[in-house]
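*Asks:* Protein chains in written order, with my numbering: chain H, 1 to 275; chain W, 1 to 589.
A hint or two may mislead.
Claimed, not checked - Here are the simulated DSSO-like pairs of lysine-lysine, each with C-alpha atoms no more than 30 Å apart in a straight line:
#: 1; chain 1: W; residue 1: K314; chain 2: H; residue 2: K221
#: 2; chain 1: W; residue 1: K420; chain 2: W; residue 2: K581
#: 3; chain 1: H; residue 1: K193; chain 2: W; residue 2: K367
#: 4; chain 1: W; residue 1: K373; chain 2: H; residue 2: K16
#: 5; chain 1: H; residue 1: K52; chain 2: W; residue 2: K581
#: 6; chain 1: W; residue 1: K295; chain 2: H; residue 2: K193
#: 7; chain 1: W; residue 1: K295; chain 2: W; residue 2: K221
#: 8; chain 1: H; residue 1: K221; chain 2: W; residue 2: K295
Stated by the list, open to error - Stretch by stretch, here's where chain W covers chain H in the computed footprint (C-beta under 8 Å, at least three residues):
#: 9; stretch: 10 to 19
#: 10; stretch: 56 to 68
#: 11; stretch: 152 to 160
#: 12; stretch: 188 to 194
Hints were generated in silico from the structure; no laboratory data involved.
Quick reminder that beta carbons are idealized off the backbone N, C-alpha and C, glycines included.
Each chain, letter by letter, is given below.
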Amino acid sequence: MNFVLLRCCTTPIVLKQYEWSTNAVMEKLGIGLLDVPELGCCGYPLRNINFKAHVLATARNLALSEKENLDLLTICNCCYGTMKYVDNLMKDDASIRNDVNTTLAKEGLRYEGDITARHILQVLYEDIGIEAIREKVVRTFDGLKIATHYGCHILRPSEVTQFDNPHSPTKFDELVDLWGINNELSLDLTENKLKDAKQSGADYLCVACSYCQIQFDIVQKILLSQRGIEAKLPSILYPQLLGLSLGIDGETLGLAENRVSTSEIEWFLLQKAAS
Amino acid sequence: MFFTITLYVSLAIFGLGLIYKVSTWFRYTVGVEARDVPPSQRVLAFVKGLTLTLFSPRILTLLKVFVLDVLLQIKVLQQDSLKWAMHMCMYYGFTLLLLMHGLDKIVTAALFPNYYPTVNPFLFLRNLFGILIIVGIGIALYRRFILRVARLRTSPMDLYAIIILAIIMISGFLLEGTKITSYSKFQDMVEEYTIQADEEELRTLEAYWVAKYGVVSPEVKGPFDAETLAAGQEAHEISCIECHSRPQWGFTGYTLAKITKPAALLLDRAHASSLLWYLHFLACFMGLAYLPFSKMFHIFTTPLSLLANSVMEKGKSEPANIATRQLLELDACMHCGTCSVQCRVGVVFEAMHNANILPSEKIPSVKALVAGKKLNGEEIRDIQEGLHLCTNCFRCTVVCPAGINLQELWFNVRETLLEKGEPEFLVLSPLSLYRGLMKQSLGQTYYPDPINLALKAIYPAGIPLEMQDRTIPLVPSANGWSSTLHTSVQAKTFSKCFSCVTCTNACPVVRNYPNPIEFVGMLPHQIMHAAGMGLWDLIFSSKMLWDCLGCYQCQEHCPQSVRVADVLYELKNMAITQARKKLVKQIEK
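Starting from the given sequences, assemble the full structure and let the hints guide the process.
*Replies:* Encoded structure:
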C-alpha cells in the first residue's frame with residue numbers, strides 16, 4: 001500500500017519528530033510513502049482570508065497526488081479537514097472544478113477526483129486494521145494512563161470528514177487501547193483541556209495532529225512557566241507511541257524533540273521489559 | 001586611447017559602485033533589533049568576526065562550503081540538473097574567458113610567455129569557453145521562455161544580464177569570424193611580418209591563406225595548384241606559423257567566417273571588424289561599470305553569503321554581524337526563482353495576483369523598503385500582505401542556492417512594518433502561528449498591538465461591538481448583501497437558522513469566558529441571525545469572527561444543518577476584503 005505524504009507546514013519548523021516517527025512506523029508496517037516535493041500549503045490557513053486562494057492551494061495538492069495515482073496521506077487534522085472539504089467541493093461542483101483546473105493547467109496539473117485524502121489514523125484503523133498492528137507489537141503499555149485527543153477536523157464536519165462518530169468517537173481510543181497559537185485564549189483552552197484529562201486520571205495525552213501537538217506540547221511548556229501550573233501532562237504523537245510499541249527506538253522517533261518530556265514512556269517500557 | 005579612457009572610466013564606476021554597495025551593508029538595517037547598532041560598531045564587529053573566524057577551525061567549514069557550494073554548486077545540482085548545467089556553463093565559461101582572454105595581458109601572458117591569442121591551445125579554448133556561455137544563455141532562455149516553469153518570473157534585471165552577456169559573446173564571435181576573412185587584416189600582417197619577401201612569394205602566401213586560412217581576397221581566388229600551395233606554405237612557415245594556428249581550431253569564429261564568406265569583401269570594406277571590436281569592448285566595459293548595480297553583482301555576493309551563512313548562526317553570532325549579513329543577503333539574491341517555484345503558498349499568486357506573495361519578488365520590494373525608497377500606500381499594502389501570506393515552513397530558506405536565510409528576513413521585515421503601525425489583517429489568521437511561537441522574542445506587551453490594530457481596521461466604526469450603542473436599526477443596513485455570500489457553496493444555509501442557541505452552547509470559545517459577550521461581541525447564533533437580517537456592521541464589529549477556531553462544533557450540532565463554521569469563514573473573507581478596500585481608499589485620500 002502506497003500513499004503520497006503531505007507534510008504539514010508546521011512540521012519542518014517545530015515538529016520534526018512527527019515526520020520521523022511517521023516514516024519509521026509506516027516503514028515497519030509496510031506502507032510506502034512517496035515524497036512529492038511540489039506539494040504545498042494544504043490551504044487551511046488561507047481559508048480565513050480568501051476562499052479562492054484556499055481552494056486552489058488545496059486542489060493543487062490533490063492534483064499532484066492524483067498524478068501519482070495515489071491517495072494523499074495527511075498527518076495533521078487541519079490538513080485533513082481542508083483536503084476533504086475541497087475534495088468534496090471539486091467532486092460535486094463542476095463550476096468550481098473547471099475554474100480551478102483552468103488555473104492548475106498553467107503548471108500542467110488537473111484534478112479529476114480519482115483519489116481522496118486520508119488521515120494517518122484512518123489508514124491505520126481502516127486499511128491496516130487493529131489486528132494486523134497487534135501482530136507486529138513487541139512491547140505493550142499496560143498500566144500507562146493515556147488520554148486520547150481527537151482534535152477538530154478529523155471528526156467535524158462529519159459529513160465531510162467521514163471518519164468516526166463526531167459526538168462520541170472511539171476509533172482513536174481503540175488504536176491506543178491496542179496495548180491495554182498562542183494568545184490568552186489559546187492558553188485558556190489548552191489549560192482547560194489539560195485539566196480535564198488530568199482529572200480523568202490521565203498521565204499522558206496522545207494526539208495525531210500538528211496543531212494539537214503544538215498546543216499540548218509547546219503551549220503547555222509556556223503554560224507551565226507562565227501560569228505556574230505544576231502538574232504537567234506530556235503529549236505524545238500517535239506514531240511515536242505506536243513506534244515504541246513496534247520496537248522502534250526513541251531516538252528514531254524523535255522523543256527528545258518533545259518540549260514537555262515524554263522520555264518516561266520509553267523508560268517505563270524498558271523497566272517493564274527488565275522486570 | 002579611446003579604449004584606455006573607457007576602460008579607466010568603467011573601472012572607476014565599477015570601483016565606486018562596489019564601495020557604495022558594500023557601504024549599504026553597514027548603513028542600512030533590516031528588522032527591529034538591528035536598528036540600534038550604529039554603522040561604526042557594525043564595521044568593527046565585522047572585522048573582529050572575520051579575524052576570529054579565519055584563525056579558528058571554522059576556516060575548514062569555509063573551505064568545505066567554498067568547494068561544494070561555490071565551486072561545484074552541489075545544492076543546485078540536487079534541485080535541478082538542467083539549471084545546474086546552465087549555471088556551470090555560464091559560471092566556468094565566463095570566469096575562464098575573463099581570466100584567459102579578457103585579462104590576457106595580466107594573467108595569461110604572465111603564465112605563458114609564448115601566449116598569443118591566435119595560437120593553440122588559446123585559440124581553441126577561447127572558443128570552447130565562449131560556446132559554454134552561449135549554451136548557458138540558450139538554456140536560460142529555454143527555461144524562461146519555452147519551458148515556462150510555473151511562477152518563474154523574468155524581471156528587467158534578468159533580461160539585462162542575458163542581453164549584455166549575449167552582446168558580448170555574439171560580437172566576440174563575429175569579430176573573430178570577420179577577422180578570419182578580412183583581406184585588409186591580412187595585408188596589415190603581411191606588411192608587418194614578411195620581411196624581404198618578393199612579389200611571387202607574397203602571391204603564393206596569399207594563395208595559401210585563401211586556401212587554408214579562410215581569407216577572402218578580391219583578386220586571388222582558387223582553386224590553386226599544388227606547386228603554388230607548397231611555395232605558399234614555405235613562405236607561411238617562415239613568417240606566420242609561429243603566431244597562427246589553423247583557424248578551424250577557433251571553430252565558432254571559423255563557422256561564422258564560412259557563413260559570412262559571400263559578404264566578406266563588403267564587410268571588410270565597411271570596417272566590420274573594427275566596428276565589432278568597438279561593440280565588443282564597449283559592451284564589456286558597460287557590463288563592468290554596471291556590474292555592482294546589476295544581477296551580475298551576485299558573482300561576488302552569492303559566494304560571500306554562502307560562506308557567511310556557513311559560520312554564522314542567530315543567537316550565537318554577534319547581532320551586529322547578523323544585521324550586516326542580512327543586507328549582504330539582499331544583494332546575494334540573483335533572482336533565480338527557485339524559492340518562488342518551490343514556495344508552499346506560491347500558487348496563491350494565481351488567485352490573489354500580488355507578486356509579493358512570491359519570495360523572489362519580495363526581495364526587490366524589501367530592498368526598496370530598506371533603502372528608504374518612497375513607496376505609495378498600495379505598494380506598501382501589497383508588500384505587507386505578501387510578507388504575511390507565508391506559512392513559515394522554511395522551504396525557501398532550505399532551497400535557496402545562495403544560502404540566504406529568507407525566513408528570518410521575512411520575519412524581521414514583517415515586524416518592522418507592523419511596528420510602524422501599518423495594520424495587517426493576516427495576523428488574525430492561523431498564518432500568524434509562527435509569530436505566536438516567537439512571542440517571547442517580540443515582547444509580551446507589544447505582541448497583541450498589531451492584532452488590536454488589525455481588528456480596529458476591520459471594525460466598521462473603528463471600535464469593537466461592546467463599546468457601541470447597542471440600538472439595532474429596524475431596517476437592514478445593507479439590504480440584499482446576504483446574497484453576496486456565494487463563494488462557499490454551503491454558506492447560504494444561514495437563512496435556515498431559528499436561533500436555538502445550540503451552536504453557541506457547543507462553542508469552546510464561548511464556553512471559555514464567564515461573560516462571553518464582553519469578550520467576543522456577538523455569539524455564533526446571533527451572528528447567524530444578524531446575517532439573515534443583513535446587519536453586517538454589527539457582524540464585522542464582533543471579535544467572535546476572529547476568535548473562532550474553526551473547530552466545527554457549532555456546525556456539527558446544528559439541528560437545522562446551518563453551516564455555521566462555513567458561514568463564519570466566509571464572513572471573515574468578506575470582512576478582510578472590505579477592510580482592505582477601506583484602507584486603500586484612506587491611503588489614497
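*Asks:* Of all the hints given earlier, name the ones this structure violates by number, lowest first.
*Replies:* Violated hints (numbers, rising): 3, 4, 6, 7, 8; every other hint is consistent with the structure.
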